[in-house]
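Produce the complete structure using the sequences and hints provided.
So the protein sequences, as listed, match chains A and B. Numbering-wise (this note's numbering), the first sequence opens with residue 3 and increments by one. Numbering-wise (this note's numbering), the second sequence opens with residue 36 and increments by one.
Derived by calculation from the structure, the hints in this document are not laboratory data. Each residue gets a CB set at the ideal place from its N, CA and C atoms; glycine is no exception. Wrong hints could be hidden among the right ones.
Between beta-carbon pairs, the in silico distance windows are [said to hold, decoys possible]:
#1 K108/B / G143/A: 23 to 29 Å
#2 N89/B / P40/A: 46 to 52 Å
#3 I162/A / N126/B: 38 to 44 Å
#4 M146/A / M78/B: 33 to 39 Å
#5 T106/B / A171/A: 42 to 48 Å
#6 D75/B / K91/A: 20 to 26 Å
Here are the simulated lysine to aspartate or glutamate pairs, EDC-like style, with alpha carbons at most 16 Å apart [what the hints assert, rightly or not]:
#7 K94/A / D167/B
#8 K98/A / D167/B
#9 K91/A / D100/B
#10 K98/A / E128/A
#11 K131/A / D157/A
#12 K138/B / E72/A
#13 K25/A / D61/A
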Amino acid sequence: MKRLIVVFLLVHGIIGIGLAQGKYITKTGHIWFYGATPMENIDAHNHQAAGIIDSKTGDIIISVLMKSFEFPKALMQEHFNENYVESTKFPKGSFKGTITNMKDINLAKDGKYKATVEGDLTVHGEVKKIKTDGTIEVKDGKLMVTSKFNVAPEDFKIIIPGLVREKIAKEMEVNVDMTFDPMK
Amino acid sequence: MKLAWKIVLIIIAAGIIIGFSIVYYMYHKPHRDIAGAKADFTMVAADLVKQYVNDQKSCNAKYLDKVIIVTGKIADLSHNGNIGLTIVLENQMEGINCAMDTKYFNENKTMLNSLANGSEVKIKGICSGFDDTFQCVGLDKCTIVK
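The following block contains the structure:
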């Protein structure tokens, strides 16, 4: 019995290490979006984006709580949450995809690398395939990931009434700036 | 007759001014004051996390958009440039993600910068939900409660 426990612990330990190795995680990434309107620009920030990267496969998962986006105007934030993304019904937005050129990124060497990523973006309960470029900077064992891409609210069945629709840019610019730490 | 017209005009003008004032106020209405609001719930951080892990749906019904005070250990501090601070309570795998209020952060930089991993803090914020992929509860517009 004792031996069994030892074997179990050993195996568990090895698997445990195997699972954590090569993975990078963050809970405090910065994601913001930007849209120009004739009256003023809309920019909403979220500093609690969570993400994980598996450096072996290039798999990447990022998620944000929609209510955590901070707008300059309280009214904008209210409209965003209540009328557009319906954040009480759909509290989470997520991206699940792959860094397709992971093999080109040398994790052992500090430097800036170009990365391409593709996968499913889920907002407002709707899934859309996206493909975008970004950079991954390797520094002191950390991965600093930045990317920028455009999305149209209509792709996620977000209905903006006609009068307001004309005033908001057809596409929103989404920015990602996240520093991933190696998982222990 | 002339007087009647004058009165009508004054009423219309007053209506327009009031209307614009309301629109202006609505447009510029301030953000909810979380720091000054009364807390709906006061609890231990680990307890809130546990409740959310067990039953996300009923917790959302109970806590979403509510003001909560939690007490817990700091697991991680992340300075977002010099513009903000996010504190993770309990641990990285299962915890609470507290985004400090921007104005509060700017006014209390010295105190906030002295916080360290492992120390216990009492944080007040508004609940933004639960991330079931990363097992973390979101608290926004956070301030430290003394």
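Tested hints:
The hint said 23 to 29 Å for the Cβ distance between K108/B and G143/A, and at roughly 25 Å that hint holds. For the pair N89/B and P40/A, the beta carbons lie near 48 Å from each other, so the given range of 46 to 52 Å is met. The beta-carbon spacing between I162/A and N126/B, approximately 40 Å, falls within the hinted interval of 38 to 44 Å. Judged by the Cβ atoms, the range 33 to 39 Å given for M146/A and M78/B holds: they are separated by roughly 35 Å.
Look at T106/B against A171/A: about 43 Å separates their beta carbons, and that is inside 42 to 48 Å. For the pair D75/B and K91/A, the beta carbons lie near 21 Å from each other, so the given range of 20 to 26 Å is met. About 9 Å separates the Cα atoms of K94/A and D167/B, which keeps this hinted pair within 16 Å; it holds. Of the supplied pair hints, the one linking K98/A and D167/B holds, its CA atoms being roughly 14 Å apart against a limit of 16 Å.
For the hint pairing K91/A with D100/B, the CA-to-CA distance comes to about 13 Å; that is within 16 Å, so the pair holds. Our distance criterion of 16 Å between C-alpha atoms is met by K98/A and E128/A, whose separation comes to about 13 Å. Among the hinted pairs, K131/A with D157/A is consistent with the structure: their alpha-carbon atoms are about 10 Å apart, no more than 16 Å. Restraint check for K138/B and E72/A: the C-alpha separation of about 12 Å stays at or below 16 Å, so the hint holds.
The hinted pair formed by K25/A and D61/A meets the criterion: a straight-line CA distance of about 10 Å does not exceed 16 Å.
The structure agrees with every numbered hint stated previously.
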